[in-house]
Every structure is written in structure tokens, then in C-alpha cells.
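Peer 1: Protein chains in written order, with the UniProt record's numbering: chain Y, 1 to 467; chain X, 1 to 467; chain P, 1 to 467.
Don't read these hints as lab results, they were simulated from the structure.
Warning: the hint list may mix true and false statements.
Any copy, or any two copies together, can satisfy a pair, since identical chains are not distinguished.
[Stated by the list, open to error] Quick list of in silico lysine to any residue cross-link-like pairs, SDA-like style, CA-CA up to 20 Å:
| no. | residue 1 | residue 2 |
| --- | --- | --- |
| 1 | Lys285 | Tyr332 |
| 2 | Lys285 | Trp17 |
| 3 | Lys52 | His251 |
| 4 | Lys52 | Asp64 |
| 5 | Lys282 | Ile158 |
| 6 | Lys383 | Glu51 |
| 7 | Lys378 | Glu51 |
| 8 | Lys282 | Leu57 |
| 9 | Lys285 | Ala434 |
| 10 | Lys426 | His47 |
| 11 | Lys285 | Ser339 |
| 12 | Lys285 | Thr372 |
| 13 | Lys285 | Ile158 |
| 14 | Lys283 | Leu181 |
| 15 | Lys126 | Glu51 |
| 16 | Lys52 | Ala405 |
| 17 | Lys282 | Leu24 |
| 18 | Lys217 | Val32 |
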Amino acid sequence: MERPRHQGMAKNTYMRWRLPLVCLLWELAMIVLFGVFVRFSPEADAHWQEEKREMNLTSDIENDFYFRYPSFQDVHVMIFVGFGFLMTFLKRYGFGAVGFNFLLAAFGIQWALLMQGWFHSFKNGKILIGVENLINADFCVGSVCVAFGAIVGKTSPIQLLVMTLFQVTLFAVNEYILLNLLHVKDAGGSMTIHTFGAYFGLAVTRILYRPHLEQSKDKQGSVYHSDLFAMIGTLYLWMYWPSFNSAISDHGDAQHRAAINTYCSLAACVLTTVAFSSMLQKKGKLDMVHIQNATLAGGVAVGTSAEMMLTPYGSLIVGFVCGIVSTVGYVYLTPFLESRLHIQDTCGIHNLHAMPGLIGGIVGAITAAAATEDVYGKEGFIKAFDFTGEYRTRTPSIQGGFQAAGIVVSLLMAFGGGALVGAILKLPVWGDAAAENCFEDDVYWEVPEEEETDVYHMHNPDKPASP
Amino acid sequence: MERPRHQGMAKNTYMRWRLPLVCLLWELAMIVLFGVFVRFSPEADAHWQEEKREMNLTSDIENDFYFRYPSFQDVHVMIFVGFGFLMTFLKRYGFGAVGFNFLLAAFGIQWALLMQGWFHSFKNGKILIGVENLINADFCVGSVCVAFGAIVGKTSPIQLLVMTLFQVTLFAVNEYILLNLLHVKDAGGSMTIHTFGAYFGLAVTRILYRPHLEQSKDKQGSVYHSDLFAMIGTLYLWMYWPSFNSAISDHGDAQHRAAINTYCSLAACVLTTVAFSSMLQKKGKLDMVHIQNATLAGGVAVGTSAEMMLTPYGSLIVGFVCGIVSTVGYVYLTPFLESRLHIQDTCGIHNLHAMPGLIGGIVGAITAAAATEDVYGKEGFIKAFDFTGEYRTRTPSIQGGFQAAGIVVSLLMAFGGGALVGAILKLPVWGDAAAENCFEDDVYWEVPEEEETDVYHMHNPDKPASP
Amino acid sequence: MERPRHQGMAKNTYMRWRLPLVCLLWELAMIVLFGVFVRFSPEADAHWQEEKREMNLTSDIENDFYFRYPSFQDVHVMIFVGFGFLMTFLKRYGFGAVGFNFLLAAFGIQWALLMQGWFHSFKNGKILIGVENLINADFCVGSVCVAFGAIVGKTSPIQLLVMTLFQVTLFAVNEYILLNLLHVKDAGGSMTIHTFGAYFGLAVTRILYRPHLEQSKDKQGSVYHSDLFAMIGTLYLWMYWPSFNSAISDHGDAQHRAAINTYCSLAACVLTTVAFSSMLQKKGKLDMVHIQNATLAGGVAVGTSAEMMLTPYGSLIVGFVCGIVSTVGYVYLTPFLESRLHIQDTCGIHNLHAMPGLIGGIVGAITAAAATEDVYGKEGFIKAFDFTGEYRTRTPSIQGGFQAAGIVVSLLMAFGGGALVGAILKLPVWGDAAAENCFEDDVYWEVPEEEETDVYHMHNPDKPASP
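Next comes chain Y alone, as it looks inside the complex:
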């Protein structure tokens, strides 16, 4: 059978030696680096019995594992099923959406354990890892999944691995600057994950601008069942986001509070998304793109402040606003960014992660600046913002200023890093597809035969699907 859509293929997308080589060499590098550096944290090491005595813990239940493991698993689902299936809305890129997300995340978490480990868990020449490191590694990869959303369908798996390598590295540096140097709070990652990840991805896709992308326009949409697959991703992100924002908060009230705030924000966000999705469409019909994405903006936007005393109604307000901002973004901003600024943003991460991430950073700064001992209690105030040691003299308003600085740093790192990585990915050696073959699994995957027949007919609108 002739496949006319491939006739114009000029680019070399042959992966047979390049992709295996990258995967194998990098994995070997991981093994060597893990061998040299990575060991178990005391709570995961067989010496725990002795450690427990030293720490005066009476029960195994005090092991950090029991505080964080359920949240870890929820976050894990968000990264692999949530992000992976969210992108399966594309009618012919389901394998790439789920499969490449799987690949980049599996590599990314290993490299993140190392990068974040050197910065945060390095003791006597070893990185000591426990469940909190696993969560942080998933978080770090989450920012790569965000960026992937901007370029999904237009990049080769090698490009994605290269981007992951660099982005994880820069993420760790940015995170170190924010958390350690600026002493900023960002437990759910509005700044470190979403703002950084989204603007990084937008910078990359800007550099990789494809002027003839309309050649694959027929494949940029969804079909009925691909939209349902995407809703699996949406719902798992939505449902588990309270775990995401509370996963690495302090034990006790902070985790508890972060989950409640996120739950509230997300609930409000759904209603304003539905409202504006209907309002902005001529016939008043709902658009699956909005329901799949803008409903999640509320989770992004309380990423910094969820563990603070944002309060449930404060969370509702944030969610209310972000559902609107995000939906309006999909309707007006995404076409504008593409036509005027040449930013081709496949999943609309600007609306789901970039703007809500910025809002999240700002809400965090305001919430911190507005903190009082009255609201938090004397002990709670110090504990919530970790105003101890060299930071014991920090006031809430100064903290708010540093929080704001954290946004700026994240933006600069994202733009700079994204531009740099975009330039690297533009090199003609990574095997990306020609414009007319974008959003098409057939380029990198063995695709079952029957379905190709269907697609063939889809692509020939002149021929009716039946007589």
C-alpha cells in the first residue's frame, strides 16, 4: 500500500544506532555514578535499628517511609500516568505521548537523584537516599514532563533525552539557588517545577520553531477515544495533586494543610473552567481541551502557598482565578503566541503551567509576606518558614521579597537554559521528523496495520469513508 504522506520525508529519522547508543551509554554512566556516590539513607539502611535507638524513636512507624510513601506513590502516578496520558489526546501520537514520557522520566529520575543528591543529600562523599529523594526526583522530572508538553509530537526520543539531561541539571541548580541560597519555600513547586519547566519548554519550542507545521495540522487534533484516554491523565493529575503539593512538606500539620488547600483550589478551578469554556465558544459548547487542562491550573497555582496558612477560602479564590486565566489563555493566547511569537505549544503549557506557575509564585510571596505569629502561633511561625539559624531574624515581608526573587531567578534560568538547550536540539543530528510527519507515531514506532488504513483515509478528505 502506498503511503503518500511519507513521500515528502526528507529527514533521517532512523533511530537504530543512535537511540540505543544514547540509552546504553547513559545508563552505564548512571550505574558508575550510582556505584561511586549513592547509598541508602539511615532510615533505609539495615543499620536502622541502631539509628532508631540513637534518635530515641520508639517505633518503626516513625520511619519517614510511613509519612511520605503514600504521597510518593501518588506523585509517581502523576508523572507516568498523569502526564503520559494527558498527552494522548493526539489522535496519532498516543504511543509517543505515553512511551516517550515513560522513557524520559525513567532516565530523568536517575539523573535527578544524582544532581539533587549532590546539592542536598551529600554526606562524607556519598549521596544518601530515602523516600524523600524519590519524591524530589519525580518532582524534578515533572518539570521535564511539563516542557515535553510544548514539544510533544515534534521531537525525536534522542532530543527528549538530551533535553532531560540538561533540564534536570539546570533544575537542580535553580532549586539549590531558591531553596538554599534564597531560603525560599516552594513545597509544591509553583516556581521550581511549573514556572521553570514551562518557560524552559516554551523557550525550547521557540528555538525549534517549525514554519511549515501546518502540514501536519490534521494530526494535531484528537479523536473521540483519544480524548477519553487524555481524561485518564487529567483526572489522575487532578485527584493526586493534593499529594503532590503536600508530599515533601513538614510532617504533621503542614502536610495536612497543603492537601486541604490544594483540594479546595482544584475544586473551584473546575467551575470557572467550565464557565469560561462555554462562554468563549460561539455555540456555548464545552471544549475538551479546556476540561483536560485548565481544570488543573488551581493545583499549579497553590504549589508554593499550599503548606502556608493560605486558608480554604484563599485557595478557592486562587483556583477561581486560575481556571479563568488558563481557559482564556487557551482561547486567545495560544493562537497569538503561535502566529506572532512563533511559539508552537502543542499542549498549551503556557496556559496550564506557565501563567498559573507565575501566579503561584506571586501568591506564595504574598502569603509569606502576610504571615503573622498570631495566625501561625509562635512555634508554628518559626517552623513554617524555618526561621532558624542564620534566618532567625527574617521577617515575613523580607521572606516575601525573597520569594519574589525566586520567581525572577526561575524565569531567568528557564529562558537562558531553554534557549541554550533549544540551540543544541536544533543541531541536525538528533533525528527529528519533517514537518509533515509530526504528530505521527509511525515515524518512531511499529504501528498496527489496520489502524494505518484508517488513518490513510482520514488523510484523504476527498474520498468518503464509505460510499
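Since the structure of chain Y is provided, determine the placement of chains X and P on it from the hints.
Peer 2: Using the frame of chain Y, we list chains X and P on its own:
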């Protein structure tokens, strides 16, 4: 392209101003009410350090968050993915099933936090919320999802929001009567969630009776892949039901026991469902409708008694019976209810929730009446039924009587409330579709083009799909 | 409508009386046996308050429920959604994959509670069950799900129930020999679950060899969306495997460590799977079969050693190797096994469970033999291998020897049991389908009409799907 199925459309289903208005105004109301009333419970508040000292707790792990959060997340999945996907079996209503369930649940949990808060968590003019409130809000919305099952495909999103508003309100009143006035046990909600929710929904759908619904009969069925999507919903409900029934039980043995009883009941239910599905079909083939629904009846039916000493074999017996009752209901009762009583029950909630819910209430009453100090231990007996304070003189048989009274109250509230709400929903202002457009996403959703082509041909059986 | 593909049907696949009879009788037997034997463990019994005092526990959080319930739920998802959806890759066997897996697992967990209970939780004539028993029952059924993978599409539901009955029985015996007589460690079941389950299934499918299976070859493949359904199964298995391998490990560091090791092994496995999938295909394209299956081999292969001090880099090495072994197996070994040894292995469990299971047993033996007091600490060493009581004089190298013996015993039990059960299943009374009707849901399920039309045309390649 002509779409003949829309020619007869007479009703105004235009949502553009109505739906946004309802969503925005109601969400604003939520924000105001949350602002006035809702605050964090002591375990989620930044004053927790001081609270902990006062309560003589030595570790953060004693925070209720760690007892209940994993169960909360499982319940959350049941409400949004479980109920949402269970209803995607409809070939052309997947968006509505998942999307409207998402919308009504997101609104419902906010309103439930308020309604249940006023009744149960009101202190010094404020509603103090923690993880248990989130679970209860999800539970309350669960009863709305149940009712949605009866009317899915035949109602506009505004009707669903109106129903949610009223049903959540009545749920909270009914729950207050049962739990506080009658001092009834119902941790998994056989009465408050399933009996109430199902008969409420059945009353609504009776009032909304559509005489010409056979006009959309071709869309009331499933296609191959929509049945697989529905199995996602089924399995998540089935797997997480032990969490549902144990989520708000007392710490310790009660949660543990409720999970085990539910696990056993559900396992037994699968076997009798399969047996009767095959037995009641001429060719002995299994029917996906039964597997998707009747397998869950065992979870519904131990909702009241799971935390009691029902014992594993008692649970097996309950599951055994309910698989049979539910499957037989699908085969014989649903057609009867539709043709004779004019009750059009899209998902067959009468078989999955109403009858098993009643059985669950009765099993609970019997189990309570049969309780002895010998079986529970002296302390366990008092703790299990909370026979303290003004209830310290209650005997098991009296408790059994009150449990039975709880069933009656739930039924009365459901019939009365459902009839009232049905009458409100019958007003011709809510934008529901004409009979021939029921079970069709195209009415309220932007639907991808290609698929409509397929559907077009599906609806013209005269024309073969290929020459 | 004529359905030519059924013309050659000679076998009697009529289930109407046989299947219900088996389901009902067996479930009644379960009820009787549970009634006689099964009671709650002290931690799930209403006497817990007194028990707690006797055990000197200060808080309900010390109840084993809170240590293990989140992991239990993850394992539960793996068994029902993970295994069920993994097998939905078959284009026309999605109902059977998910539905029969549901049926056999629901029966199997009940029978496993009894069989394992008699061996491990029997006290004063009663089996006392708690959350750990539920996990073990799920584990046991996991081995049946593995075996199901070899024969899916070729067997009747009655055959599957018969196999489950026998396999669960033999599993419990094998497990007793390994854990109690040989005092072997195998928390994640490389030997007891995967090696035993896989070789058992391979023996069964060998005995059930179908010489004319190529008659249904067109249905042995996938379609685009069935491959996406299968990825749901893959990802849930992959994400929750850390819970699987840590679910029944000792409280504290052992659970913590098992999760970390598994996380690492699985991450590495993805990269080598991708590498070899691309490398072994002429055009360098990735094969969904490999991504769906071989990425999981790393979880299988650390099943024995994950709770030991395997270390993160050790885990990476195991995952690295297993991704390669498994992918190479799919490309070269599966066709060889089928053509030369007449082993028809539908899902390729030899590559995903058998070989990685063997590797896992060997890695466990080596890791145990290499253990030192230096690495584990004096207390940790004794606790990790339970070198107490009659085993207090065991040395690591002797333990390694016993571990190796465990592999051999598991293999012998699997081959012997599988051959026996295969012979039973070969009896012409169980209602399996003829070769040309394998991999076809229509044999045992009511299948929606429209889709059959599609399938009809799929099977007539002479006729184009459109003019």
C-alpha cells in the same frame, strides 16, 4: 455534511450564558461562605505544635492525616475516575459521563464541606476542616454520582448542578438525622449514600420520564472500546471499596476490619455475578453490563456492617447474595421498571445501589442487634457502637431497631426529596435535550470531526459501512 | 448477518450451565470453609483494645494496618488493573483479558486466604487474617495472573478457574517449602510468584499445544487503541512495583529499602528495553510489545533481593541486564519456543516473568551469600535474614545455598504441577474454543454489534475498508 439526527431538535440546549452564570455565581457564593465559615481543624492548623502538646501526642504520626489520607485518596479516585468512567460505557456520551461527573463532584464537595460542616464540625461560629471532612464531602458527592447514574445522558449540566445543590443539602440533613439523632452506625454509607442516593435518583428520573426515549435507543448501548473504558471505572471502584468502607471508621481495629470484610464480600460477589450473567442469557454468554456493575454490589451491601464483627464468612454470604440480586435485577427488573413504572434508569442504579443498599441497611441492623460483649469484648463493644454518654444504656437489639429506622428515614427523604427536585428539574428552563438527542455528546460538547462521520454511518444501518 | 469465521466451529463452547455451576458451587464451598476456619487476626478484631494493652502499644497507629494498607492497595491495583489491562493489547480479547482476570483473581484470593492461612496463620483451629494475609493472597493470585498470560485467548473461563484452584494450592505448598522449610527470603516473590507462576503457565500451555493456532493469527495482534489500553496495565505495574516488593517486608528500613531498590531497577530497565527494542528492529522503530512488557522485568528480578542491601547501583545493574534479556527474549526466544518447543506463549511470560524470575532468584542467592555484619550491622544482619531460633547459626553462604535450592524447588513444582494441570485442562469437557476462534471475545461474551461489523471487514483483507 447533513446530520439528519438533529433535524427534529426543538429544545433549546444553548448553554452559553446559562451555564457560565450558574458556575460563576455559585462558585462566588462558595468563596463568600468559605470566607465566613471555613477554617482549618487543629490538626491542619499551624498551631498544631501546641495542640500536640496539649493532647499529649508524642509524634506527628498521630496526626489524623496519617490514619486517613491514603484512604481519602482511594475514595477520591472512586468518585472521579470510578463513577466517571463507569458511565463511559455509552458509545456517544463518554465526554458527558466523565466531564459532567467531574463538574458536579467538584461543585458538590465544596457545598458538602459547608453543609456537613454546619452539622458536624461547627465550633465557635467556624467550620473546622481536616482530612475526615474531605472524605465525608467525597462520600456525600458519591450519593450524587449514584443518582447521576439514573439520569446520565438525559440531562443538561445545569440540571445536574441544580440536583447536586439540593441533593447535597438533603444528604446532610438525612445524615444528621441518622448519625446524630438516631445514633446509627453507617461508616460505609449503605443507607446514607447508596439507599438515599439511589432512590433519590430513581424518583428524579421517574418525574423526568421521557415517553419517546426509544428515539435515541441506538445510542444507549456501548461499543467495544467504550466497554473497556467502563471497566476502568468498575475496577477502581471494586479495588478501592475496602478503603471506602473503612475510611472514616475508628482508628485501629475498626478500619482494619472494615477493609477485610469489604474485600471478602466483593470477591464473592464477582463469582455469583458471573454465574447468573451466564445463566440468564440464552447462549450462556457473559454480559459486560453485569460484570461492570453487579460485581460491585457486594461493596454497597457491607457499607453499614463492614466495621462491625460481620466476620469474613458473613461478608462472603452478603456478597454471594448481592451478586445474584443485582444481576437478576439487570435482567428482569430494569425492563419492568421502565415499561411499567416509567422509571428510566440509564445505568441500572436500582440494581447496583438501591437494592444492595437496602440489603446493606438490613444486614447492618441485624449485625448490630446480634452484637454481644463476648464477641466484641467489653471495651470493644462500647467503642464499636459508641454506647457512651446518653447512649450508654442502649442494648444491641435497640440499636438494631434504630438502624432499621435509619433505612426508613433514608427512603422517605429520598422519595420526597427526589420527587421535589425532579419537579424543579422539569421546568423548561434548564436546557435539556430532546429525546432523539439524548445520550449524545454533540449537544453539549465540541466533538472531534472524524468520529462524527463514524457515528453518522452507525446511525444509518441501511448503508453498509463498506461496499 | 453471516459470520463466516464461525463456520468451522466444532467445539462446544456453551457455558450456560457449566460456568454457573462451577462458580456457585465453589463459592458455596468458600463460604463453608470460611465459616469453619476464618476469623479476624487480633489487630482486626474488636478485642484490639485489650490486645494493644497486652502488647504495650501506646497508639492505634501501631496497628499493622497503617504499616501495610497503602501497599496492599497498590498491589491490589497491580493484580486487577495491572495484569488485566496489560493483556488488553489483543484487538478482540479485551473483555476476556480484563474480565477473566477479574474472575480468576476474585476466586483465587479467597482460596489463597484459606491455603496460605492453613500453612501460615493457623492458631487453635482457626485462620486469623489481617492485612498481611490480604497482600499474600493477592501475591498468590499474581502467580496465576502470570500463568494466565501464557494461555490468554485460548482457554475457557472454566479452565481458568480449574487452573486457579490447582495453582493456588501448589503455590501455597511451594511457598511453605521455601519460606518455612528452607527458610528462604523472597519478599517480592522472584521465586515463589514469578519463576513458579511463569514455568507453571508455560508447562500448561505446552500441554495444551494447539497445532492450528495460526488460524486465528489475525486476532493475535493489537490495534492502536488496544495498545494504549495495555499501557495502562504496564504503567500501573511499573509504578506500583516498589509497593509490591516492599509490601510484606519487615517494618521500617526493610520496607523502605525494598521500595528504593525496586524503583532504581525499574528505571534502568526502561532504558535498556528501549535501546534493544530499537536495535533489534530493522528500521530501528520501537515495538510496543517490548515497552509494554520488558520494562517490567527489572521489578521481577529484584523480587528476592530488594529488601536486602542490594544497594541502588546493584539494582540499576539488575534492571540494566533484565531489560536486555527480556527484549532479546521477545525477539528471538518466543518464536523459537513456539516453532521448536511448541510452547505458545500469548503474552511472552517467558521473557517477562520466567527469565527475570530466575535471575531474581540467583541475584537473591548471591546477595544473601555476600551479606556481612559490616554492611548490615549486627542487629540488622540477624533481623534481615531472621537468623534466630533454630537458624541462629546459619551463615550467609549457607543461606545463599538454601536460596539457590529454593529456585530449584520452585522450578520442579512449576514443571510438575503445570504438566499435571495441563493434562487436566486437556480433557474435552471445559468448553475451550476451536483454534480459529481463539483470541475472540465473541465466543464467551455478548459483544456490541457495530464493532463486529468492523472486525468482519478486518478479516476479509480482499475487501478494502473503503472503495
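Peer 1: What are the numbers of the hints the structure violates, in ascending order?
Peer 2: 8, 10, 11, 12, 14, 16, 18
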